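> Letter by letter, the chains look like this.
2 protein chains.
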Amino acid sequence: MYTLEQLEKEAIALIEQESFLNEPSTLYDPIEYGMKQGGKRIRPLLTLIAADMFSSDVNKAKSAAIAVEILHNFTLLHDDIMDQSPLRRGKETVYKKFNSNKAILSGDTMFALAFKHLLNYENEIVKDLVEILTQSSIEVCEGQAFDMEFETRNDVKIEEYIKMIRLKTGVLLSCALRLGATTAHCTKENLSLLDEFAQNIGIAFQIQDDILDCWSDLEVFGKITGKDIVDNKKTFLYLKALEIGSERQQNILKELYSSKNFESTQKEQVVKSIYEELKIKELAQKEMQYYHNLALESLDKIKIDNERKENLRLFAEKLMKRNK
Amino acid sequence: MYTLEQLEKEAIALIEQESFLNEPSTLYDPIEYGMKQGGKRIRPLLTLIAADMFSSDVNKAKSAAIAVEILHNFTLLHDDIMDQSPLRRGKETVYKKFNSNKAILSGDTMFALAFKHLLNYENEIVKDLVEILTQSSIEVCEGQAFDMEFETRNDVKIEEYIKMIRLKTGVLLSCALRLGATTAHCTKENLSLLDEFAQNIGIAFQIQDDILDCWSDLEVFGKITGKDIVDNKKTFLYLKALEIGSERQQNILKELYSSKNFESTQKEQVVKSIYEELKIKELAQKEMQYYHNLALESLDKIKIDNERKENLRLFAEKLMKRNK
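Those sequence lines, one after another, are chains S and V.
Here my numbering is used: the first residue of the first sequence is 35, the next is one more, and so on.
Here my numbering is used: the first residue of the second sequence is 35, the next is one more, and so on.
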């Protein structure tokens with residue numbers, strides 16, 4: 035088995051070393067640009083961790099790891115058009131640098147390229163791998179559709195929010211793990227436990243993102259905090275405050291979220307003061323911990339030697355302790 | 035074996051009977067709308083024809099036929115955004131009726147749904163089917179990229195144009211045929227001949243489209259003719275005229291194609307008069323016939339009884355005789 039640190043390095047190197055350049059350059063240059071924006075490469079890392087858990091041959095999982103990272107970046111290309119996000123990791127997004135049409139078409143090509151990498155496997159497992167990638171893609175799209183729908187709805191329930199972030203974030207983490215485990219011929223039962231683990235870790239990860247956006251240290255976080263409030267994003271924090279707040283607090287929140295024209299600093303202050311009155315940060319941390327624990331319970335149930343689970347346990351722990 | 039007419043009816047019914055509705059409706063309603071806009075269903079028809087050629091079980095090809103039609107319609111959803119086309123078959127395009135974001139996301143979902151339909155097959159052929167769909171999707175995207183690139187280039191060669199229409203049109207026809215033939219366990223050699231047939235028929239089909247857009251009868255064609263000229267589209271006709279025209283004719287064509295501000299009727303008249311001076315229609319028909327003959331040669335070489343090829347021969351003939 036490898037150490038987590040070794041696998042982290044491997045996941046990063048794997049994508050850096052892969053060239054996405056081809057003809058026509060108008061199609062492939064945006065792909066290369068999008069794929070080489072750095073990042074922690076969490077998804078290919080999960081694929082490698084899972085393969086390492088269930089077999090002695092991590093190399094075999096590499097094509098699957100590349101596939102899931104391409105799929106993830108394809109969703110970023112299209113999401114950035116839909117959300118009109120100009121920057122990602124401090125650099126121009128693909129659609130801003132090239133144009134929307136190119137970002138649409140290059141994204142489509144990436145979707146196909148993800149499947150292409152799964153064709154490097156033997157007949158016996160290709161169907162399982164394609165099934166995982168296909169179903170995950172569909173669910174990620176459903177998650178994005180719910181997310182867009184929530185922007186115009188004023189009656190979003192926390193339950194619906196959890197479902198949405200499970201689809202948008204948890205499903206792709208699960209996809210990454212299950213692809214890796216499938217290359218290592220993992221049992222159906224263990225696959226299902228990996229799925230539970232990943233979906234719950236994904237939810238915990240996203241709630242933590244909501245907390246970090248609201249309260250983290252600008253210097254450490256590297257992004258402007260309070261952006262979710264300015265953008266009227268219906269995060270866990272907002273929905274929880276609406277659920278447990280007094281009528282007065284609810285009305286203030288609804289009023290402030292009804293327009294993008296309020297002065298940002300003051301709006302942020304008022305919303306945060308309501309969050310503090312209601313101890314929303316503590317409630318969100320409790321919720322995050324709840325899903326984190328659920329994930330660990332599933333991990334415990336996986337039928338392999340305990341020490342083989344250590345990397346995934348460590349990964350989950352690091353993810354929960356992050357401050358950016 | 036079935037008659038061509040029976041298979042034509044079957045292909046149309048297959049798509050009409052399939053429901054694409056699901057939750058969230060914001061994601062699936064645009065898919066249902068896009069899939070139910072009618073049309074001749076040429077691609078699923080080809081899948082059924084191929085399956086019928088090589089086996090006695092056309093039903094087995096149905097999932098593959100649905101997959102290729104979903105893939106085709108996914109490309110239409112995204113192409114219509116890129117080309118800003120408001121209408122398709124006389125109805126609002128998906129992005130006009132819903133919006134661009136929904137058309138992007140629903141298109142992405144369709145791409146995944148196409149793969150999902152291939153999972154209805156047994157392990158032994160899933161890899162081959164996925165490989166055909168994947169490689170075809172990549173090439174169709176490449177074709178669309180070349181098409182967009184040509185809009186801003188003034189030095190497009192006929193050879194490049196042929197390559198582009200082969201990728202944009204021929205490849206998907208080939209995909210349709212090869213999926214159907216693969217469900218019927220056709221040999222690699224015959225698959226390769228089907229590929230040649232389809233790619234050449236696709237090129238002939240597209241050149242004919244260029245001819246129809248320029249000279250067909252408005253009442254029969256159902257679309258406004260001369261649109262390619264008004265839109266400065268670098269069709270086979272235009273590129274051929276540039277290739278063989280005098281310096282004076284070349285300069286007029288380039289001048290008229292340098293802007294979208296010329297008065298349409300007069301522009302169309304001048305361009306068409308140059309086409310007539312150079313006998314471009316006849317040359318295009320000759321070229322179309324050349325690719326049609328190449329296609330038939332490949333069909334002849336396929337190693338099955340001659341009468342089993344009759345439907346595909348008839349299909350090619352009907353396609354070439356169409357006036358809309």
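Since the hints were made in silico from the structure, they are not lab data.
Do not take every clue at face value.
Since the list gives no way to pick one copy over another, a pair counts as held whenever it fits inside one copy or between any two copies.
Stated by the list, open to error - Cut-off 35 Å, straight-line C-alpha distance, at most; resulting in silico cross-link-like pairs (DSBU-like, lysine-lysine):
#1 Lys70 / Lys191
#2 Lys191 / Lys150
#3 Lys70 / Lys355
#4 Lys306 / Lys335
#5 Lys43 / Lys150
#6 Lys313 / Lys197
#7 Lys70 / Lys130
#8 Lys306 / Lys337
All values reported here derive from a predicted model rather than from experimental measurement.
> With identical chains, the pair lysine 70 and lysine 191 could be close in the same copy or across copies; at 35 Å between alpha carbons, which is it: within, between, both, or neither?
The answer is between: 33 Å across copies meets 35 Å, while 37 Å in one copy does not.
> Tell me, please, which holds for lysine 43 and lysine 150 at an alpha-carbon limit of 35 Å: within, between, both or neither?
Classified as both; 24 Å inside a copy, 34 Å across copies.
> Checking an output row: lysine 70 and lysine 130, CA cutoff 35 Å. Within, between, both or neither?
Both. Shortest intra-copy (16 Å) and inter-copy (34 Å) distances satisfy the 35 Å Cα cut-off.
> Could you place lysine 191 and lysine 150 in one of the four classes (within, between, both, neither) given a Cα distance threshold of 35 Å?
Cα proximity of lysine 191 and lysine 150: across copies only (31 Å, versus 39 Å in one copy).
> I want to check one pair: lysine 70 and lysine 355. Are their C-alpha atoms no more than 35 Å apart within a copy, between two copies, both, or neither?
Intra 26 Å, inter 50 Å, cutoff 35 Å: intra-copy only.
> When no copy is specified for lysine 313 and lysine 197, does a C-alpha distance of 35 Å or less occur within a copy, between copies, both, or neither?
within (23 Å within a copy, 63 Å between copies)
> Could you figure out if lysine 306 and lysine 337 sit no more than 35 Å apart (CA to CA) within one copy, between two copies, both or neither?
neither (44 Å within a copy, 74 Å between copies)
> Is it within, between, both or neither when you check lysine 306 against lysine 335 at 35 Å Cα-Cα?
neither (40 Å within a copy, 75 Å between copies)
In summary, the structure is inconsistent with hints 4 and 8 from the numbered list given earlier, while agreeing with the others.
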